[in-house]
Amino acid sequence: MELDSQIDDAIRAFLDASTETSVHQTLVNVTAEMVPVDLCTVATVEEGTLEVQVRSDDRPVDPDCRLSLNGTVLEPSIATGSAEFIDDIGFTRSAATHANTHGQGDVRALFVVPIANGGVLLGTASTPGVFDEADRTLVERLVSYADAALARLTREEEELVHHDRFEKFGTVITHDLRGPLGVAHGYTEYCQDTGDLDHLDTVLEALDRADQIITDLATLIQQGQAIGTSEDVSLASIVTDCWTMIETAEATLAIDGDLEFSGDRSQLRHLFENLFRNAVVHGDEAVQITVGAMADGFYVENTGLGIPPAHRDTLFDPGFTTAATGTGYGLAIVKQIVDAHGWTITVTDGHDGGARFEITGVQ
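All you need for the numbering used here is the position in the sequence shown, starting with 1, plus 2.
None of these hints come from the bench; they were simulated from the model. Be careful, since some hints might not be right.
Unchecked claim - Label pairs and their in silico Cβ distance ranges:
{"id": "1", "residue 1": "61", "residue 2": "316", "range": "43 to 49 Å"}
{"id": "2", "residue 1": "204", "residue 2": "296", "range": "42 to 48 Å"}
{"id": "3", "residue 1": "307", "residue 2": "256", "range": "40 to 46 Å"}
{"id": "4", "residue 1": "183", "residue 2": "268", "range": "28 to 34 Å"}
{"id": "5", "residue 1": "350", "residue 2": "35", "range": "52 to 58 Å"}
This structure is a prediction, so every number in the text was calculated from the model and none was measured. Backbone N, C-alpha and C fix where the C-beta goes; we use that ideal spot for every residue, glycine too.
Using the sequences plus the hints, can you model the full thing?
Right under this line is the structure:
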């Protein structure tokens, strides 16, 4: 019954944990209480070394203290991602290093169990053979509770991001749609009252703008934060295809080199089409757009008016635009697609005074 009560307390503690660190601390604390260890730690694996994050004792964690895994008894299990319980490691050189790292004396028995988010749970004891099968089962059970808590925190963080996004969209929709719909409503009433149909073109333009805002918002929401199926893409080929799908007026396109990379073709079409539309909307009728390859990505440059440095921090915010005919969502869509691929986008001045968008980290 005492074990059941301890497990119930452990579950409640994991449910109360609100950060990754608090989950880790709960894990080492409950493990140290329920399993015969001298010390329990959670560490992350970084470039062949262990970096201790939390400890079950009162000693502070030394942020500069790292344990090299090379040649230690921990290396095989961490490399394979499997749980390992060692009855007696003997006081070998690697064991001594491990003991010294954790501020202990003689380490004879230990266990290492992978946990979510790239960490491991380490338990050490000075008595050989101290961990039995029941201890192993209990440790793995406690780790499963910790993994569930970490998964919950990830979901909550994602839900918060989605909530913030939709809350922002709600505000933007209310603000941005009210303008064109108000214009359409006002001129429609005028036409009805006077019989003068000269302003119907204005009504249609306002409705077209409202429709474009809705379309852009739908694209922004549907893209989400994940990409679909990745495939090999030719920069020159997809750019040429996208150019034929938009109204370019007198704008011209130049392609400076080709690049083969992997990406979601459907999302990439949205990326290039929105960058092209942005250049056409903000530039003069004869704007020239150049797409070219770089060492670690590609760029899209135009000869338009450029983007003032003061606007660059808010450039990718949904609804931000400096053009009378822009919706303000095109570059937000671009940024979201870039982020979903794990790439980076920066904006700078073009060589001929326009704007240059550089997408890097492309593979």
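Each hint tested on the structure:
1. Look at residue 61 against residue 316: about 46 Å separates their beta carbons, and that is inside 43 to 49 Å.
2. Range check, residue 204 to residue 296: Cβ separation about 44 Å, and the 42 to 48 Å hint holds.
3. Evaluation of the 40 to 46 Å hint for residue 307 and residue 256 yields a failure: the beta carbon distance comes to about 19 Å.
4. Between residue 183 and residue 268 the C-beta distance comes to about 30 Å, which sits within the given range of 28 to 34 Å.
5. Look at residue 350 against residue 35: about 56 Å separates their beta carbons, and that is inside 52 to 58 Å.
Violation of the numbered hints given earlier is confined to hint 3; every other hint is satisfied by the structure.
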